[in-house]
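Those protein sequence lines, which keep their order, are chains L and W.
The first sequence begins at -9 in our numbering and counts up by one.
The second sequence begins at -9 in our numbering and counts up by one.
The set of hints was computed from the structure by calculation and includes no laboratory data.
Source: prediction; values computed, not measured.
Among the hints, a few may not be true.
Which bits of chain W does chain L cover? Going by a derived footprint, with three or more residues having C-beta under 8 Å, they are [stated by the list, open to error]: (1) 0 to 12; (2) 144 to 152; (3) 264 to 276; (4) 318 to 332; (5) 353 to 360; (6) 401 to 411; (7) 418 to 430.
Cβ coordinates follow ideal geometry from the N, Cα and C atoms, glycine included.
Now for the letters of each chain:
2 protein chains.
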Amino acid sequence: MQKKIEITSELLNNLIFSIEKKDNSSVLKIITEMHAADIAEILENLPTKEAQLLFELVDQKRSADVIVELDDDLRESLLSDLTSKEIAEKVIDNLESDDAADIIGEFPGKQQEEILALIEDAEHANDISDLLTYEENSAGGLMAKELIQVNENWDTKKCLKEMHKQAKNVKKVYSIYVVDNNKKLLGTLSLRQLLLSQSEIPIKKIIKKDIASVNTGESSEAVANIMNKYDLIAIPVVDRHNRLIGRITLDDVIDIVKEEAEKDYQMASGISEDIEANDKIWTLTRARLPWLLIGMIGGVLGAKIIGVFDIKNNFELAFFIPLIAAMAGNVGVQSAAIIVQGLANNKLKLDGIINKLMKEFGVAFVNGIICAIIILGISFTLGYNLMLCITVSISLLSVIIFAALFGTCVPLILHKNKIDPALATGPFITTVNDILGLIIYFIIGEALLI
Amino acid sequence: MQKKIEITSELLNNLIFSIEKKDNSSVLKIITEMHAADIAEILENLPTKEAQLLFELVDQKRSADVIVELDDDLRESLLSDLTSKEIAEKVIDNLESDDAADIIGEFPGKQQEEILALIEDAEHANDISDLLTYEENSAGGLMAKELIQVNENWDTKKCLKEMHKQAKNVKKVYSIYVVDNNKKLLGTLSLRQLLLSQSEIPIKKIIKKDIASVNTGESSEAVANIMNKYDLIAIPVVDRHNRLIGRITLDDVIDIVKEEAEKDYQMASGISEDIEANDKIWTLTRARLPWLLIGMIGGVLGAKIIGVFDIKNNFELAFFIPLIAAMAGNVGVQSAAIIVQGLANNKLKLDGIINKLMKEFGVAFVNGIICAIIILGISFTLGYNLMLCITVSISLLSVIIFAALFGTCVPLILHKNKIDPALATGPFITTVNDILGLIIYFIIGEALLI
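Work the whole structure out from these sequences, hints included.
Next comes the structure, spelled out in structure tokens:
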């Protein structure tokens, strides 16, 4: 039984030490039994030079699997040391068509053709070249061509014999697809059914017909949603004539589910590109600057608004500007997050916008009353002028209710207009709510104080 | 081939109309061919009374699958109409042990025993009762007991025969687990290997030994991470003597991966419980109030800080309070989000905190310089006093750098102390950064203006 590897600094230091001393046998002792995913993790945590030396020591059979697991940057750097011939033989030949196509797709067009021409197995090369024609974020771009298919006119005996042949090229067998003479997908035969059936029964009799399939053009997110909703481990991909051309497995989709959820979080945090902490400074800057600029425009508008009111003679109003702005922002972000996640999980689509607003009004009203009473008590106790305390308290209640309704409405409206509602969360909602919160505060302040 | 169902308001209205007219044949026509997950989605979008009437029309075989797909609230309400006997026969008998245990686990202890006693298949009842002893968020709580296991001493022929027997109880067959005479897990036999092997070869010769397994006590998140890292569709669960006792499939884990990512987002948005837009007003209020109170404390501190400085004679400083506070908050949230996601994806664990800070300093410096120059230009153009413009510009640069470093440090420190770093994002970071931003602004303001 393989042990789970904990990749510690100690392990890494040992490896670096052995690599630098060119003590290959010690290095091999450490990595020989390791899973490709663990080797990939180690490579990502080594300096580039050491990573290159270590990668050269990985046996040919596993190096392809290691390459698949790596981050784009390191993969590019390790592959750039190999010739097209080595890439074809060491890497591509040992991968299923979907992973192979993903890797070849990262090379410039000319080298793609060069590598494809060097692949020994013509069918494999054809499969990959076919996959390269699909959009990356579509079912076609996700699928693998390797699958087991049987004809509806066969019986279970012939079926087992044919599967025996096909299984040589398929690493993971989860479903057996049944097609007619024109390759049109009719249904599946589960391995369980095959195990349970008597020999020599016609396939037609045990085929399971009510199965889900997706079209090559379906978006990755739609594929992930369908597989998740129907608890599918694998799903067949068909062309527009319903001919079976590939299959997608759940492990290829799990990262999409994760990235979707993470993307909403990134947008809510004011990050406009899919970045990682390891990216370069300029990439990180570029992803963050746009939202900061929006915040800045908001800040300048805020300055203008405060300038409109007579702050000079009511300078005490300034004390609670941060409170009002912060609460407006916080409430808006909360409301928007609930709506964005609800939309992402398909929990909201049939509810009317009016119902949502009524409910949000209820939540905001309860929270607002509680906060308003507390702030009235605290500010009065702290010795602020009573009219100022009342102004802050009433403003806070109004701002909380307003910000909640605004935070609810905006993502719903964007969604209705087919714009990603996550855009509304984060800096945009915070900024707008800041400004509107200030306006409410100063209007109430002028009415009560002046 | 089953069509994908689009659940539209029109479809729902038709259903409600037919249900109210007690036109059962029309209702059945609509739902007969539907997947359980689609029926569940429809039920969740119907008024409670109509949902109950519709659920009664679902055939016995599918009603168990429908129940599994429902949200907790609706499930509870539909099940409360059934007797323990009906629950045992209609629902539990038709489910695999993991889903059955999840549902029984929602009943009070006494009714749990009542239902268990009414399950016809004693082994099924035993399996469920065993699963109920594990923590909900552990491998034991996730696993199903149904699996196919063979003895290392059998040959492939005997193996196929035994699998034939066992497959009757297992809905999804992905792996065949090989155990020794003491039920200790030795490895797996893939269906592919079995298809490829000659008959009557000893299992020992084709067993795949280097497989990952998890212990019953492993957390759900750890299971999800392992399955995701090693691209596993199913993973065996063992007890502390390495005896095989269950298996977890990827479709049971995908929701955990999703919830993990969503939880970080919720915390960043200032929501302290796992809530959904459909929850009750009081639940929603309770989840949101704590963070609003933190924001309020921050606001009061902000008022105190502003009061310390001579705002009366430098009232113009008040104009840019919202700008400084908003930018401090935005930058802090961005930095923290990058660290939190990096930690969640295991991308950071080996990098030193110093490196992270240096990089974050670089990003903040570039963003800060750009923002400082822009605000200097804008504010001067708008006619504000030059010294005020310079104050705002210098403060903004300082605040951006400070907030970025703070937003980076806090989650890293929390993580090091085994506290969920997501706690640091959202209102907490925003609030602290607001306050520290104000202090920086007023100190610089006093130095330059007074």
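Three or more residues of the stretch 353 to 360 of chain W near chain L by CB distance under 8 Å?
With 4 residues in contact (Cβ-Cβ under 8 Å with chain L), the coverage given for the stretch 353 to 360 of chain W holds.
Per the coverage rule (Cβ-Cβ under 8 Å, at least three residues), is the stretch 0 to 12 of chain W covered by chain L?
violated (count 1)
State whether the coverage of the stretch 318 to 332 of chain W by chain L holds or is violated, taking the criterion as 3 or more residues with Cβ-Cβ distances under 8 Å.
holds (count 11)
Verdict on chain L covering the stretch 418 to 430 of chain W, where coverage means 3 or more residues with a C-beta closer than 8 Å
holds (count 5)
Quick check: the stretch 401 to 411 of chain W, covered by chain L? Criterion 3+ residues, Cβ under 8 Å.
violated (count 0)
Under 8 Å between beta-carbons, do enough residues of the stretch 144 to 152 of chain W, three at least, approach chain L for the coverage claim to hold?
This one is violated; 1 residues, fewer than the three required, reach chain L with a Cβ under 8 Å.
Tell me if chain L covers the stretch 264 to 276 of chain W under the three-residue, 8 Å CB rule, please?
Our answer is that it holds, as 8 residues pass the Cβ test (under 8 Å) against chain L, meeting three.
Of the hints listed earlier, those the structure fails to meet are numbers 1, 2, 6, in rising order.
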